[in-house]
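As given, the protein sequences belong to chains A and B, one line each in that order.
Following numbering that gives the first Met the number 0, the numbering of the first sequence begins with 0 at its first residue and continues without gaps.
Following numbering that gives the first Met the number 0, the numbering of the second sequence begins with 0 at its first residue and continues without gaps.
Fair warning: there could be bad hints in the mix.
[To be verified] Here are the simulated DMTMM-like pairs of lysine to aspartate or glutamate, each with C-alpha atoms no more than 25 Å apart in a straight line:
#1 Lys120(B) - Glu53(A)
#2 Lys158(B) - Asp266(B)
#3 Lys79(A) - Asp213(B)
#4 Lys214(B) - Asp92(A)
#5 Lys158(B) - Asp196(B)
#6 Lys120(B) - Glu225(B)
#7 Lys79(A) - Glu225(B)
[Stated by the list, open to error] If you only want the chain B side, here are some residues facing chain A, beta carbon under 10 Å, derived:
#8 Leu108
#9 Thr109
#10 Asp473
The set of hints was computed from the structure by calculation and includes no laboratory data.
A virtual CB, placed ideally from N, CA and C, is assigned to each residue, including glycine.
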Amino acid sequence: MSPAETEQHQRFLRALTAHEPAVRAYVRRLVPSRADADDVMQEVAIVLWDKFGEFREGAEFRPWAFSIARFKVLSWLRDKGRDRLVLSEEVVDLMAEENALDETRLERQRRALEACTQKLEPDQRQLLMQAYQPQASIQNIATTSGRTVAGFYQWLHRIRRLLQDCVQRELAKEEPS
Amino acid sequence: MNLDELANRYLDGQASAEEVLQLDHLLRTQAASRRHFADLANLDSALAEQAAGWEPQPLSKPAPAKPLRTAPSRLCLAAAATIAVLITSAWWWQSSTHIYATVARGIGLTEFPQGMEIYRKHYSIQSGTVEFITARGARVVIEAPASFQFASAQLLHLKQGRLAADVPPAAKGFTVITPTGKAVDLGTKFGVDVPADGQAEIHVFQGEVIAQSDKGGKRQSLRDGEAYSLQSGAGAAREIRSAAFIQPDEMQALQAALTSGQRARSDAAIAALRQDESLIALLDFEEETLPSGTFRMTQGRWPGSRAPEFVHVGDHMKLTAGGNGRSWPQLTLAAWVRLDRLGQPYQSLYHTDGWDEDKPGQVHWMINRDSTMRLALKHNTLAPGAVEKQGFPDSLTPVLPEQGRWVHLAVVYDAPAATVRFYLNGRFDKETRQATAHPALLGPAQIGNWNSKDRKLSGRVDELILLGRAMTDDEIRALFDAGNPYH
Numbered sequence: 000m001s002p003a004e005t006e007q008h009q010r011f012l013r014a015l016t017a018h019e020p021a022v023r024a025y026v027r028r029l030v031p032s033r034a035d036a037d038d039v040m041q042e043v044a045i046v047l048w049d050k051f052g053e054f055r056e057g058a059e060f061r062p063w064a065f066s067i068a069r070f071k072v073l074s075w076l077r078d079k080g081r082d083r084l085v086l087s088e089e090v091v092d093l094m095a096e097e098n099a100l101d102e103t104r105l106e107r108q109r110r111a112l113e114a115c116t117q118k119l120e121p122d123q124r125q126l127l128m129q130a131y132q133p134q135a136s137i138q139n140i141a142t143t144s145g146r147t148v149a150g151f152y153q154w155l156h157r158i159r160r161l162l163q164d165c166v167q168r169e170l171a172k173e174e175p176s
Numbered sequence: 000m001n002l003d004e005l006a007n008r009y010l011d012g013q014a015s016a017e018e019v020l021q022l023d024h025l026l027r028t029q030a031a032s033r034r035h036f037a038d039l040a041n042l043d044s045a046l047a048e049q050a051a052g053w054e055p056q057p058l059s060k061p062a063p064a065k066p067l068r069t070a071p072s073r074l075c076l077a078a079a080a081t082i083a084v085l086i087t088s089a090w091w092w093q094s095s096t097h098i099y100a101t102v103a104r105g106i107g108l109t110e111f112p113q114g115m116e117i118y119r120k121h122y123s124i125q126s127g128t129v130e131f132i133t134a135r136g137a138r139v140v141i142e143a144p145a146s147f148q149f150a151s152a153q154l155l156h157l158k159q160g161r162l163a164a165d166v167p168p169a170a171k172g173f174t175v176i177t178p179t180g181k182a183v184d185l186g187t188k189f190g191v192d193v194p195a196d197g198q199a200e201i202h203v204f205q206g207e208v209i210a211q212s213d214k215g216g217k218r219q220s221l222r223d224g225e226a227y228s229l230q231s232g233a234g235a236a237r238e239i240r241s242a243a244f245i246q247p248d249e250m251q252a253l254q255a256a257l258t259s260g261q262r263a264r265s266d267a268a269i270a271a272l273r274q275d276e277s278l279i280a281l282l283d284f285e286e287e288t289l290p291s292g293t294f295r296m297t298q299g300r301w302p303g304s305r306a307p308e309f310v311h312v313g314d315h316m317k318l319t320a321g322g323n324g325r326s327w328p329q330l331t332l333a334a335w336v337r338l339d340r341l342g343q344p345y346q347s348l349y350h351t352d353g354w355d356e357d358k359p360g361q362v363h364w365m366i367n368r369d370s371t372m373r374l375a376l377k378h379n380t381l382a383p384g385a386v387e388k389q390g391f392p393d394s395l396t397p398v399l400p401e402q403g404r405w406v407h408l409a410v411v412y413d414a415p416a417a418t419v420r421f422y423l424n425g426r427f428d429k430e431t432r433q434a435t436a437h438p439a440l441l442g443p444a445q446i447g448n449w450n451s452k453d454r455k456l457s458g459r460v461d462e463l464i465l466l467g468r469a470m471t472d473d474e475i476r477a478l479f480d481a482g483n484p485y486h
């Protein structure tokens with residue numbers, strides 16, 4: 000790489016590292032599973048680097064990345080839509096649009112969650128983190144925790160509701176009253 | 000089913016076709032539902048993000064079932080709770096600094112001093128080899144040229160490079176993501192090879208790994224001795240190349256040799272050999288211009304040095320030396336070789352072009368199917384009473400230890416004395432006597448892959464020497480000692 004290219008590469012990596020969690024979460028909201036989000040993210044990262052030359056210095060990286068991610072998700076849906084259970088393109092496109100505008104709120108939610116998972120009982124948190132490991136086997140986790148698979152999903156839904164409520168409360172605290 | 004249930008089932012991959020349709024309808028028609036769904040999915044991805052940096056911590060045993068009633072006990076309980084909170088905070092603080100791995104050793108590079116902490120950051124290395132220990136205890140060796148990033152203790156993006164991983168049960172699930180697919184470990188030893196151009200490959204040395212190609216490839220379970228190429232769409236089975244990867248246990252010996260100044264001794268020995276009047280060819284592959292052919296340049300036996308690698312049938316390097324009507328009554332052939340796999344077919348080290356009736360003395364040097372070494376000269380015959388079954392001089396000891404390492408191979412041919420003497424790692428192995436012994440005929444030749452049907456070379460070659468005289472046992476020993484990359 001020439002010095003100019005190296006510099007450009009470093010600039011790109013700084014931007015990507017800073018915004019990657021947000022872009023990943025954006026993709027996650029539009030595809031059915033976390034594994035799908037990983038797949039799409041890989042492609043998004045490649046396109047971002049390819050097109051980084053066209054990215055205007057001073058423009059905002061995140062909306063630009065969102066627009067590329069949106070495009071990638073839609074083409075992924077077109078590829079997968081036939082043999083996978085996915086939401087319709089129309090709905091996904093609508094949500095992509097709305098989510099991009101709503102990003103500030105969603106990011107605050109993600110930050111607030113950190114405080115909320117700490118409030119869980121240690122063994123509950125441990126179980127939850129296990130369930131969210133890449134390639135986790137829900138079957139095994141359910142069995143070791145003494146639940147049926149259906150029972151485990153019920154538990155997972157309840158925990159998510161608890162966390163969701165906690166996040167709302169945390170955010171309400173931040174609002175100036 | 001209400002929106003909340005539908006959304007949860009969808010996010011967990013549990014929703015039926017009908018449920019997805021219901022959810023789709025709700026989301027299409029109600030902005031509030033879309034907002035609620037986005038919140039839930041957002042929570043889901045934030046949890047996944049947290050889980051990626053999560054380290055399991057030992058849970059204290061739950062208190063005995065017997066209810067505690069006395070005041071002091073309550074105090075104890077309160078104290079225990081406080082301690083639990085402290086421990087939790089300490090854990091949280093630790094995991095939020097996100098040290099995903101530390102450097103166990105780096106050789107041939109300065110960017111990775113021992114003990115260096117690795118965060119979520121992109122790294123590029125042009126030369127050398129570095130060994131990491133992840134926060135979960137997996138040992139990962141990455142060989143240059145490489146470009147990679149730990150996204151968590153359990154997730155490594157490998158854009159280019161060669162990686163060998165030794166994954167203990169605690170790190171089960173360790174995942175390597177390549178540009179064409181990913182490998183998910185299920186408690187095992189495996190390697191991932193991502194060339195600068197071309198498809199990534201997964202090689203399983205022990206245990207089981209799940210391979211998944213991009214773009215809709217099926218998940219593929221690989222076990223001991225299996226290899227797989229990750230391609231967009233369907234992948235394909237490959238031959239295992241276990242020795243193509245530098246494993247954690249090899250790193251120590253390589254590092255010790257470098258530290259003790261072995262590289263300098265090797266360079267001095269090569270410089271001395273270049274002054275030898277009988278030298279026909281010496282390839283250490285460090286020059287800018289390399290002979291033509293089809294091969295990949297990889298790391299040589301010193302971290303930071305270079306060596307050609309031959310992977311596919313047909314890969315080869317052209318070498319024209321020692322021809323022009325000359326023939327050689329005495330000839331020494333030697334090379335450092337790192338063979339990827341054993342057994343079928345022949346592994347071709349050095350073959351002159353052709354095997355012609357009118358060219359007595361043409362030289363073919365190879366590894367047999369049983370991994371002994373062979374030196375065949377056209378129209379030579381064995382002396383009476385030879386033990387060889389196939390009519391050619393073969394070495395006695397199989398030249399390839401099972402474990403992948405650099406090995407030094409040498410053979411000394413002496414036509415006037417009618418002998419072929421084999422050496423393995425500097426040690427004399429066997430002498431075969433010839434009845435007919437033509438002077439050796441060289442000229443246009445190939446390193447690796449002689450005949451597209453039955454002869455290839457799968458591995459790397461370094462420091463190949465053709466010398467027009469017979470080296471003595473001591474000289475071969477000294478050649479090995481000076482060039483040995485291990486301590």
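Worksheet item: Which of the stated hints cannot be reconciled with the structure, identified by number in ascending sequence?
Response: Of the numbered hints, 2, 6, 7, 8, 9 and 10 do not hold.
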